[in-house]
Amino acid sequence: NAGVTQTPKFRVLKTGQSMTLLCAQDMNHEYMYWYRQDPGMGLRLIHYSVGEGTTAKGEVPDGYNVSRLKKQNFLLGLESAAPSQTSVYFCASSFYGNQPQHFGDGTRLSIL
Amino acid sequence: SQKIEQNSEALNIQEGKTATLTCNYTNYSPAYLQWYRQDPGRGPVFLLLIRENEKEKRKERLKVTFDTTLKQSLFHITASQPADSATYLCALSGYSTLTFGKGTMLLVSP
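So the protein sequences, as listed, match chains L and R. In terms of my numbering, the first sequence is residues 1 to 112. In terms of my numbering, the second sequence is residues 1 to 110.
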């Protein structure tokens with residue numbers, strides 16, 4: 001039972017490049033979330049999904065897109081990477097919105 | 001605007017003592033409040049959830065209180081151990097999402 005798996009674990013990009021971060025969960029959770037964590041800023045919600053085929057904006061959605069084509073997967077895309085998007089990205093999932101969230105171990109993304 | 005405050009300074013205590021961490025919030029009426037633990041290089045791990053109509057919740061050496069009048073939650077670790085050293089995050093539940101505090105680092109020395 002893997003829980004929440006994030007791919008890749010590390011990545012270095014150049015400004016302007018695009019990439020997709022993958023999150024997979026095997027707990028049959030309805031809700032999935034993408035956060036970024038920066039020093040001194042805490043965890044901030046980027047986008048989330050309340051079920052297959054749905055997405056919604058969080059606190060800091062600009063520069064990111066998401067898709068939830070399958071219930072178990074939640075993809076985060078960076079269309080044109082900027083240095084300000086250097087961060088650690090965490091994916092999480094839960095049965096419902098006010099229930100405990102299960103987190104992956106993060107993707108460390110550096111944009112030069 | 002909604003605000004969640006946790007002590008930004010690390011809390012240093014000796015092994016065996018009780019650690020008490022504070023989470024204060026304003027402009028928010030959460031139905032649930034949750035506490036998570038985060039170790040360096042890892043994702044947060046859920047510890048406890050307390051509902052607005054509950055005053056206190058316990059799990060082994062952990063205890064959480066929730067005072068909706070004071071808009072404050074206290075998180076206690078009794079008989080602390082060096083293995084309890086980590087950053088502890090409080091999170092307030094909305095309908096679909098959580099809003100996290102910035103966390104407090106706890107350091108337990110032998």
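The hints are simulated quantities; they were obtained by calculation from the structure and are not laboratory data. Small disclaimer: the values here were computed from a predicted structure and weren't measured. Even glycine gets a Cβ: it sits at the ideal position worked out from N, Cα and C. Check each hint, because a few of them may be wrong.
[Stated by the list, open to error] Short derived list, chain R residues pointing at chain L, Cβ under 7 Å:
#: 1; residue: T26
#: 2; residue: Y28
#: 3; residue: Y32
#: 4; residue: P40
#: 5; residue: G43
#: 6; residue: I50
#: 7; residue: R51
#: 8; residue: K57
#: 9; residue: S93
#: 10; residue: Y95
#: 11; residue: S96
#: 12; residue: F100
Right, here's what the structure says about each hint:
no. : hint : in the structure
1   : T26  : violated (16 Å)
2   : Y28  : violated (13 Å)
3   : Y32  : holds (5 Å)
4   : P40  : violated (11 Å)
5   : G43  : holds (3 Å)
6   : I50  : violated (12 Å)
7   : R51  : violated (9 Å)
8   : K57  : violated (13 Å)
9   : S93  : holds (4 Å)
10  : Y95  : holds (6 Å)
11  : S96  : holds (4 Å)
12  : F100 : holds (4 Å)
In summary, the structure is inconsistent with hints 1, 2, 4, 6, 7, 8 from the numbered list given earlier, while agreeing with the others.
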